[in-house]
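Enquirer: Chain by chain, the residues run as shown.
2 protein chains.
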Amino acid sequence: MKNLNRMRVQAETLGVTLRPHVKTCKSPDVILLGNDGKSCPITVSTLREAEYFADAGFTDIIYAVSMVPGKLERAKDIMKRGVDLKIIIDDANIARQIGEFGDQNDCNFNVMIEIDVDMHRAGLSPDAPEVIEIAKIIHEQQGTELAGVLTHAGESYECETKEQLIQAAENERAQIARAADNIIEAGYPCKIVSCGSTPTATYAQNLRDVTELRAGVYVFQDAFQAGRGCSTNNDIALSVLCTVISHKNNQSRIITDAGGMALSKDQSTRGTDFDCGYGIVCDIDGNIIDNLIVTGANQEHGIITTKDGSDFNFASYPIGTRLRILPNHACMTAAAYDEYNVVDNGTDVIDTWSRCNGW
Amino acid sequence: MKNLNRMRVQAETLGVTLRPHVKTCKSPDVILLGNDGKSCPITVSTLREAEYFADAGFTDIIYAVSMVPGKLERAKDIMKRGVDLKIIIDDANIARQIGEFGDQNDCNFNVMIEIDVDMHRAGLSPDAPEVIEIAKIIHEQQGTELAGVLTHAGESYECETKEQLIQAAENERAQIARAADNIIEAGYPCKIVSCGSTPTATYAQNLRDVTELRAGVYVFQDAFQAGRGCSTNNDIALSVLCTVISHKNNQSRIITDAGGMALSKDQSTRGTDFDCGYGIVCDIDGNIIDNLIVTGANQEHGIITTKDGSDFNFASYPIGTRLRILPNHACMTAAAYDEYNVVDNGTDVIDTWSRCNGW
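In the order they appear, the protein sequences are chains L and B.
To convert, count from 1 in the first sequence and add 1241; that's our numbering.
To convert, count from 1 in the second sequence and add 1241; that's our numbering.
The shape of chain L in the complex, shown without the other chains (with noise of 0.2 Å):
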């Protein structure tokens, strides 16, 4: 709650609409308790979430994938069931192509224009001239309309300070503002303005001239993150449940049943000096574990090990006791799951959340 709660203030405070995106948890109950049980705008990362959330009365949704030709035909059958689906591209012939699909099927697309900030993945430059060649494109033909630009600042997982994440949260909000000005002054119009990630979102000190806000992994919180600055290891709200498997009482380490396929292979915070191997261990209680993490991962075994090598009494953890591990990456791990089972008192299953996986 407390996630939520905060990503939900910033966004009312710095006077945006807060869209979060349901990449990370895939669930409309955890969207829908930052949002007073209502529905909201939301980005999703595959039509398979769109078509989820949809199920579950979410009408408003961007899809902040590129979307290629292949894919038309199951974004139309989800606009036909009366869902405000935004499409965002960065090419022209990719635009003419909608446009063309659009007419042929009866069907208007909203598209956005996808700016790239910082150098991190797709999108155009604000200033580049396809910009406004596919602005026109998708204004002036049929099948289209331009919905507004959008960004995303990926290269802000890179910064290490606060000041970094500030400046990043600032280029990500400057550009994208210019981006929409350009369109603006070419005559074209540009209603929805949207920037964000978890860590700009959470260091943005103004959004002025964007409208909407983007962020998923907020909602848990990750290593990663905590890492980062936009949250403490305490935040973390989502945890894998394993059991101690294996013990050497002359060897410095136990080892579990929560492997990679339970925690995922991600090893974001490696490198970092927050490396936390694969997670980070807690008691059943969810108290982290001071200096022990998952240096290891095989398939199905974890391996616990101190951080640093110093000794530790690992037979106060007996093979049979169970532990929490506090992931990486909330994203990679969650996808292993079908369900959340929401916790209180460490133990007591008060609720279990679905979700979807897949495409």
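To be clear, the hints were calculated from the coordinates, so they are not data collected in a lab.
Possibly wrong hints are sitting among the right ones.
Which copy? The list can't say, so a pair holds if one copy fits it or any two copies do.
[What the hints assert, rightly or not] Distance condition first, Cα-Cα at most 27 Å in a straight line; then the derived BS3-like pairs of lysine-lysine:
hint, residue 1, residue 2
1, Lys1403, Lys1321
2, Lys1489, Lys1377
3, Lys1321, Lys1548
4, Lys1432, Lys1489
5, Lys1312, Lys1377
6, Lys1321, Lys1243
7, Lys1317, Lys1432
8, Lys1312, Lys1489
9, Lys1321, Lys1377
10, Lys1403, Lys1548
Computed from a predicted structure; not experimentally measured.
With the hints as your guide, set chain B onto chain L.
Expert: Using the frame of chain L, we list chain B on its own:
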């Protein structure tokens, strides 16, 4: 088929029973294909796999992850279905607890002792006095029966040359045989002597005094196994179909919709001279495109570049092009899917094979 037959011939030649580890494929269809459509002894990494394969008619199963008391109820239920389920342990206290549970529940557990031949993970040294102590407990108490010994030469994954692999296989054989000898000399039975891993199974020159060979990844192979000389990249029988979704003409990369969720975050080839990032890139027909690998994997975005940073004509793979990615680690990649599409001639789906996931 070639991968399946090769391991089958290897086991036949060495005079041992092949007991496939189904942790990789988790699909009865694959295992049946490798055994003329008939069920056979198998190894599982989760009780879920045991249940799933029992549903498909498999009745001789080793659960090759240390048993803990909390899972005995479920193991009992599997046995009550007529499955000859064998479990493994490496601890005397757990041996006693299993006996107690078996005795109280009118159930006789077939227990194997896990042996550690290379300090890789769980298990006892072949000559550890605990091996005999546990053998005695299992053999003499009510509720358990001693079924044999089992080891997994996990460190063989670190071998860099053919000679090292042959030596790792011989070390695995010699040490598990010695553990069995010790038990028999102490006056206890030791019917099953089980060893294996895809690298050692592939490179074993003889398996004297061993009764069973286990291996899992060989059914599909992957970039890691190929790099280690257990197959070639052309033998890899598992691929992820994806689509080029973004393209920057001024940058030496393309972006696909197969990211960390689709490929897994496994980077087991990292740091080797066959490092392929998150996978090897093929055209739709499965022909490897020289020098292209997946160097980055965000949640739903895969970044493809040349392996050595050299120039490449990415324009020949425009947005919408479908590609196949051969996985770094087949077990982890396959886990993202509920079924396999079996293809012939690149794209003709001729069958669908189901698989289980979860625990």
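Enquirer: Taking the hints in turn, state whether each one holds.
Expert: Evaluated hints:
For a Cα distance limit of 27 Å, the shortest separation of Lys1403 from Lys1321 qualifies neither inside one copy, at 44 Å, nor across copies, at 59 Å. In the homo-oligomer, the alpha carbons of Lys1489 and Lys1377 lie at most 27 Å apart only across protomers (20 Å), although the nearest pairing inside one protomer, at 67 Å, exceeds that limit. Neither within a single protomer nor between protomers do Lys1321 and Lys1548 lie at most 27 Å apart by alpha-carbon distance, with minima of 53 Å and 43 Å respectively. In the homo-oligomer, the alpha carbons of Lys1432 and Lys1489 lie at most 27 Å apart only across protomers (26 Å), although the nearest pairing inside one protomer, at 62 Å, exceeds that limit.
In the homo-oligomer, the alpha carbons of Lys1312 and Lys1377 lie at most 27 Å apart inside one protomer (23 Å), although the nearest pairing across protomers, at 62 Å, exceeds that limit. In this assembly of identical chains, the alpha carbons of Lys1321 and Lys1243 never lie at most 27 Å apart, being 36 Å within a copy and 47 Å across copies at closest. For the identical chains of this complex, Lys1317 and Lys1432 are intra-copy neighbours only, at 22 Å inside a copy versus 61 Å across copies, given an alpha-carbon limit of 27 Å. Taking the shortest alpha-carbon separations for Lys1312 and Lys1489, only the inter-copy value of 21 Å comes in at or below 27 Å, while the best intra-copy value is 52 Å.
In this homomeric assembly, Lys1321 and Lys1377 come within 27 Å of each other (Cα to Cα) only inside a single copy, at 26 Å, whereas the closest approach across copies is 69 Å. Only within a single protomer do Lys1403 and Lys1548 lie at most 27 Å apart by alpha-carbon distance; the minimum there is 25 Å, versus 34 Å between protomers.
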